[in-house]
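Chains as they are written, first to last, in numbering that gives the first Met the number 0: chain A, 0 to 240; chain B, 0 to 207.
For the record, the hints were derived by calculation from the structure and aren't laboratory data. Hints may contain errors.
With a cut-off of at most 30 Å between alpha-carbon atoms, the simulated DSS-like pairs for lysine-lysine come out as follows [said to hold, decoys possible]:
# : chain 1 : residue 1 : chain 2 : residue 2
1 : A       : Lys141    : B       : Lys8
2 : B       : Lys117    : B       : Lys8
3 : B       : Lys8      : A       : Lys220
4 : A       : Lys110    : A       : Lys23
5 : A       : Lys141    : A       : Lys220
6 : A       : Lys141    : A       : Lys110
7 : B       : Lys8      : A       : Lys23
8 : A       : Lys141    : A       : Lys23
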Amino acid sequence: MTKPAAFFQRDRTWHPPALTPDYKTSVARSPRLALLSIENSASELTGPVFGHGDIDPGDADLIRNYAHTGDPVGERIIVHGRVLDESGRPVPGTLVEIWQANAGGRYRHRKDAYLAPIDPNFGGCGRTLTDAAGGYAFRTIKPGAYPWRNWVNNWRPAHIHISVFGSGFAQRLITQMYFEGDPLIQRCPIVRSIPDPRAIEQLIAPLDMNAAVPFDCLAYKFDIILRGTRSTLFENRLEGN
Amino acid sequence: MPQALHELKETASQTAGPYVHIGLAPGAAGFDIYRNELGHDIAGPHAVGERIRIEGVVLDGTGAPVKDVLIEIWQADANGIHAHPGDPRSGEVAPGFRGWGRVITDFDTGLWGFDTVKPGPVAGRDGRLMAPHISLWIVARGINIGLSTRLYFFDEAAANAADPVLGLIEQVHRRQTLIASLSLRDGKPLYRFDIRLQGDGETVFLDI
Ligand SMILES: [Fe+2]
């Protein structure tokens with residue numbers, strides 16, 4: 000039988016390790032034993048397929064998708080970019096989901112007790128499918144920084160949580176997007192769980208004035224890179240393996 | 000300098016955080032926003048095969064249940080077919096069978112559960128059949144990069160013994176961490192699959 004293509008091996012030295020003691024919650028939630036490395040089979044190379052019947056076009060507009068009495072408070076922004084693989088190929092038709100705090104740094108979540116107020120017109124989540132070129136765009140409010148329990152005085156930099164699928168379940172990824180120029184980025188133990196500064200820079204979205212809408216909203220650009228797919232040029236296996 | 004490969008680097012993972020429900024299961028976070036919240040129905044109404052339920056908890060290194068975890072599920076149907084164009088038989092999948100779902104835990108107890116159909120065996124990379132299994136992907140606050148594992152079935156002892164992935168686990172007793180136990184509830188098969196993130200009985204997690 001022909002072997003299916005496989006994904007590029009995930010570079011575990013680029014991603015944060017499981018145990019990062021300065022991010023305290025990771026201490027009891029990190030496996031201590033080595034991961035078992037397995038070659039991709041159909042179970043890893045396939046994954047869920049989503050279509051336009053699953054979501055609504057308005058889901059990508061966080062300024063309007065929960066507005067009841069008017070627009071939410073805060074700095075209006077567009078977040079846009081492309082989902083590409085490690086070979087630079089666009090990943091079309093993939094589901095991108097985001098969630099975030101409101102302009103004051105408060106989440107609409109029953110477990111968030113921060114004193115900043117809920118915004119009655121802001122839900123804080125959105126989703127969309129990438130287009131044929133891998134492009135996506137959301138309209139939202141720039142989230143505020145917020146305090147969290149780690150050390151006594153830890154503050155998360157402004158960030159948007161992003162979930163992406165890709166074509167196979169082994170490409171599944173959740174990350175966070177940060178904003179250019181935020182002095183809290185380098186102070187954050189969650190950001191600093193990533194060992195390589197270049198990998199951190201890749202999570203920082205630049206201001207993109209050419210995508211801003213005059214007299215309406217600013218824009219930030221954020222490209223997301225998923226694992227690439229190996230080309231099976233010559234795949235020989237040792238007999239007996 | 001040699002030529003450049005011009006490869007990009009995968010975007011680094013960051014924890015899903017405590018409020019992952021807002022993005023991926025907003026109904027559970029306490030508000031309705033989408034017409035259609037994704038991931039509730041894994042198998043759909045028309046799928047053939049045995050209807051089963053799977054429940055468990057995720058335990059941290061101290062033995063406490065992790066109450067803010069989100070788990071995604073990916074599986075083949077009862078004939079071993081994935082609902083994905085990369086599977087040459089995907090056209091045979093029953094309408095409504097997606098094979099994908101996501102569950103969160105009860106915020107008080109940490110218990111999670113889902114209903115599905117028992118998957119059939121799927122060919123492994125070398126063509127050898129893999130025992131029926133469900134792929135799981137676990138994210139939560141404190142988990143820096145999603146954890147991948149597989150759930151196998153207690154009542155598939157012969158297939159499990161021949162499974163090429165279980166067979167790679169060097170410490171034979173650790174293979175049990177991937178095998179869900181079986182009981183009956185109201186006459187319906189109920190599998191139990193507890194995931195231990197760390198320490199005694201640590202679940203085997205996969206680098207896929
Ligand atoms: Fe957050």
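Hints, one by one, checked against the model:
1. Lys141(A) with Lys8(B): holds (26 Å)
2. Lys117(B) with Lys8(B): violated (37 Å)
3. Lys8(B) with Lys220(A): Holds, because 17 Å separates the two Cα atoms, which is no more than 30 Å.
4. Lys110(A) with Lys23(A): Within the cut-off at roughly 19 Å; holds.
5. Lys141(A) with Lys220(A): Given that 30 Å is the threshold and the Cα spacing comes to 13 Å, the pair holds.
6. Lys141(A) with Lys110(A): Between Lys141(A) and Lys110(A) the Cα gap is close to 21 Å, so the pair holds against 30 Å.
7. Lys8(B) with Lys23(A): Answer holds: Lys8(B) to Lys23(A) is near 27 Å, not above 30 Å.
8. Lys141(A) with Lys23(A): Satisfied, since the Cα-Cα distance of roughly 27 Å is no more than 30 Å.
In this structure, the one hint that does not hold is number 2.
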